[in-house]
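Engineer: Listed below, chain by chain, are the residues.
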Amino acid sequence: MRGFLWILPSFLGVMVFYLLPYADVVRRSFLGAVDNHFVGIENYKTVLGNTAFQLAVKNTFLFTLLCIPVLIVVALFCAVTLYKSKYGGIIKSAFLMPMALPAVSVALVWRLLFHSQGLLNHWLSDMNIAGNDWMNSGSAFWILFISYLWKNLGYDIVLWMAGLAGISSNIYEAARVDGAGEMQCFFYITLPNLKSSLYTITVLSFLNSFKVFREAYLVAGDYPHESIYMMQHLFNNWFRAFSFDKMAAAAVMESVVLLALIMLLQKAWDSKD
Amino acid sequence: MKCGKWRRVIGTLVAVSLICTSLAGCSKGGAGSKENDAQSTGEQAMGRFLEEEVDTGVKFKNIFDMKKLEDGSLRIVGTEEDSGESGVWESMDAGETWKSVYNLPAEVQDRGISWLDYAALSPGGQIVCAICEIVSGGSGTRPVLYLVDKEGKANKMSFELPQENPEEPAGDAEQPETEEGEQQAARMNYISKLYFPGNEWVVLQDGTGTVYQINVSDSSVKYTYELNSDMLGAPLCAVGNTLIVQDAAQALCYDLQTGEQKPSEEILSQSFVENDSFRAIDTLDGGESVYILFQGGLYHYKFGGNVMEHIIDGSINSLGAPAFFPIALTMIDEQNLLVAAEDINASSGTGVCVVKYTYSADTPVKPEKELKLYSLYENTAIRQCINRFQKEHPDLYINYQVALSEENGVTISDALKTLTTEIMVGNGPDVLLLDGMPVETYIEKGVLKDLSALSIESGGSYFENILNAYQGEDGQRYAVPARFKIPMMQAGSKYFSPGEDFNTFMERKDTMVNMPPREVVEKFWYTCGAAWQKEDKTLDQSKITEFLTKLKHAYGEYDSDVENNKTFFAFATKGEGTELVSDVDFSMGNMYLASGTWNTNFGLYKEMEYGLHKAVNEKLENGNLDLMPGQADHVFIPAQVMGISSKSAQPEMAEEFVKYLFSGEAQKIKQFGGFPVEKESFCGMIDGHQYEGKDGGATITFEGEIFEYDTVPTPEEEITKLTELVESLTTPCLQDDVIKETVVEQGEKVLKGEQSPEAGAAAIMQKVNLYLAE
Amino acid sequence: MAFYPGRMVLWLSLAALAVIVLYPIVFLISGSLMGNDELASYLGAVFLGKEGYAEFPPLPMYPTLQHYVELFLDSPEFFVMFWNSVKITFGVLIGQFLVGTMAAWGFAKYDFPWKKGFFLLYMILMLLPFQVLMLSDYLVLDFFGLTDSLWGIILPGVFSTFPVFIMYRFFKDIPDSLIESAKLDGAKDWQLFLYLALPIGSSGIIACMVLGFLEYWSLIEQPMTFLKDKSLFPLSIFLPDITSVEKSGMAFAASVVTFLPAVLVFLGGQDYLEQGIMAGAVKE
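Residue numbers (our numbering), protein chains in the order written: chain R, 3 to 275; chain G, 3 to 776; chain B, 1171 to 1454.
The hints are simulated quantities; they were obtained by calculation from the structure and are not laboratory data.
Here the structure is a predicted model, which is why all the values come from computation and not from measurement.
C-beta: ideal position from N, C-alpha, C; glycine also.
Incorrect hints may have been included.
Claimed, not checked - Heads up, incomplete: computed chain R residues facing chain G, CB under 7 Å, no partners named:
#1 A54
#2 A132
#3 R178
#4 D180
#5 Y225
#6 N239
To be verified - With a straight-line Cα cutoff of 25 Å, these simulated DSS-like cross-link-like pairs (lysine-lysine) come out:
#7 B:K1285 x B:K1358
#8 B:K1279 x R:K269
#9 G:K368 x B:K1400
#10 B:K1358 x G:K649
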């Protein structure tokens, strides 16, 4: 019980600033928007049948499912290459830099780059390739994808390098003595030993995948191209239109999905251990 | 690794220093906010200056100066409206009654070849008049100074300004091309400000920004103060023995006795940075301390002191009104003062008024009641109304919040989000100015209160069709427009005939040459968008495709030159404040049509200039001005849409204020936001009564071409015609900024040929459907 | 390790990637040094709707500090915003240091009923997007009178569960044997925390603070929702209307000035960040 005393101050704050509001959200999910009468699970039904909600869920899932694995794999590749090399530190610092760039500044650059008369189209036209109105077509999704990679690559590289540092060099030496090549070392020693880092990296990458909304919002506003219309866009727009009923129901559903995801990850993690 | 170490050291140092300073900052901030709380929860403090417009009994067309003389009497130098004569008036009873003392001698009256530009009173009752005189040969003008003694005898002063060509001040570019404007451009050096602070010397600034201090006795220059030409527009005032100049970031003070610059006054500088330009200054103690008038109200400052005392809060009276421009401040004593000002809405009707402020010890410092009024955009008309309303209700403070301004960079979406939270928490505004807001959504979500019981109609005779723009099926009225605009079109019969439909108009070629595509789409959105919504609120894609196809057909090939020709105009009219004219306004196109650059002119019509329309029609072949064609017929644009929050804690007061906005008094207030919905005010606004009995003309200059027209009162039948036209309007335009933005954006691409009308319509549908699905 | 030509190619491509990654930063810095005329000619296509494409050389033709001068001398509100950012960021960090380390220590080295459940709760709250709780958060803050005050941003930040999650992993790494031996020497609970946990976990704590700095330095949603008084706005939401060319230079300069402290803190803390993240990620 003494342990609980340690987390008590934090927990009290969490109660007030997170749990209490969350309880309010749950309560609201069963009430009408402004008049506050009880409507049962009506809100949940409405939300599930809402096409905007379906689109947002689809996009958010697609984005997470695509981005996180790609980021993790690319970061692993970079980390293995940079690990223990002479100039690795400098390049790593370069990769980490975007993390320090405020979202507002990123949005400014993005706007200039991906505008239909922007820099990217300029370069493309120099190479005689037809340009595109990047933010207003399906490519918007890929721009968001790239900006997520761009911002988080450094972070994940560092995470992976940390994992690499944890592998004892004795194992490699022993394997070399047994005549293992570099590829074999990677697949049979490095990868299995990194499994333990995967969990943290996945959770943190997942957390960061929500933050990409900032850039999307700052560049494309409330109604971006439909391919990057995320849950947060929907929440924002519902909020503005006083649709708290729908918002609360969707929020509760989202947190249930999050819970399931974390449990799933933990399960996978435990079984691998 | 060495560089790694350095990085760490630097980083740590910076971090530590930031922590230290932020700790200091944090604790300070915390304490400060507590103090404020304590103040606000404290007892109701008493004592406030109350405002009252003085009935001088004189119809002033102009007031040059007003001063309290050494003998305690008050004097005004001004020009009387009817006779046009300038003279001096005096009050012996603290401004209650005024009587004429003498008319200024003939030398300084307006005489055709010269006119009175400035006049300043000394505490001894002498007057220095600055006359502007046309140089023989008419090549320009030059200023001449006269000293008028207390009995009204004029003596020419021998001072002459050096005749170097002054640099054009930056502000002049905005001046409309009136006759006076031309003459101003032609004269060489001129006087831009004139003060008579003591009895010995006059202080004036010339067109280069230089300030001269001239001995009255022998017209010799005592000192000159070299201010650079940027300071020409800077507020400047001479009071007591001090010359005060408001620089961008500081207060410059000069000693008139020695001609030396005084040590800087920190507190004064700071308040100059925080406030806008000062408007007038006066003193009660020979210049030891000064009373300074800002838009924020009246302040008192003792030189060398460390406090700037805020004596009158401008936000609860005329001092803060946008169209109130003080000319002179006269402190009678510490509890009474007069302000002479230009105010287009003054009850005198001449645009000039004298307002008295009297300290009342038993009135609370702040009005007890507060009504919150929220608007996305600045609206000067509503500011005027607030001022009037507060004057009638001294116990009420209307807290007018404008969400979007040029500086803060807040988007509409962010502003609406903040508004939502505030309304939900119960801190929201009582009254909403709904322009630009999703009115339909708010009505649907129950955010607005039903106003049908307010019986707005009792205030006069109204255009019911406009008032009922948002009327529900059962007669509920959640939002009511106080003004409106009409989409109108003017063109020769070759391009447009009155009453024709959208299809006919769009079949013609060359109707929209030289027009920027973005504005074209937006203007037609108003007359077409209203026809797109189906029963279930979704949009009809075939209508949108038709709209884009026909528009593109009529618009023809896009020529990128039109973007570069685009010019923006800001009209600055004396006493009316400045209001940027919107791109889609009808009035924006007058000069294009008059000069023949455009073949048609269409846009939102919100003020009538009959003489101009008549002249343009005459120039065009069989010119016509009528409703703009569109997919929907008889469209109008509701403006200054008023609503009351359903969560308002003080609905009665909110209702009273809203009702006031529809009263004849408030409706008559001149502004650029649209026609009033009250018929009498409407007629008053379009009848051109200001031109009654005067022969006058105006010119529009556009790309070197001059278009002249006579300013004439609107004939009776034209007033009736427009009134009937307004009565025929049935359809409010689709007021949804999200849809509008999407349509304009996609439509612009279609007109520029970047995408086909079908693709444009599909893109609009995709975005808008998402929006409607939410 | 042997030197392969393939490795060389790999290396070069990584270096090239790094350059691409850095491009936007170079872009901002060079933009901030261009005069208005230069910016107008390069970016006119985007801002002014002129024909053709925007272009942007890596270095300004006529470098000028004009926008920095404007920012520092002519915009007093910029300083106010800067200090607001500093107050928010350090307020949050100090609070997180006090509250978060304790909680992380509790989770890592003590047992109590429902511990797993609590930790799961912390993780979910960490992952919940801001928009979900926006309105309810506002209601709570309003109840405590914290809206339109920097405390309304700082306090929820202090109790964010993210640092607990990160630091938990560090404290978990401290070998139990070390704690046991300290206990045998008579160390009390709080002594263990102060003299054992904090020093050993310092790299993790610093890592956490650096991440926290980056997060709160560029906070957007919270200040936009909870603050109304413009004098309380932090730097992160200062972006002058860049649709006009005159202001875009300011925007570039403001971006660089905002970026600078973050980079300094970042460079200072980078080694710790790496060590810190390492410790957390490795042995679990």
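Engineer: Look at each hint and say if it fits the structure.
Structural biologist: Evaluation of the provided hints:
1. A54: 4 Å, holds
2. A132: 12 Å, violated
3. R178: 28 Å, violated
4. D180: 34 Å, violated
5. Y225: 5 Å, holds
6. N239: 5 Å, holds
7. B:K1285 x B:K1358: Distance of about 22 Å is within 25 Å: holds.
8. B:K1279 x R:K269: 22 Å, holds
9. G:K368 x B:K1400: Since the Cα atoms of G:K368 and B:K1400 sit roughly 23 Å apart, the hinted pair holds (cutoff 25 Å).
10. B:K1358 x G:K649: 56 Å, violated
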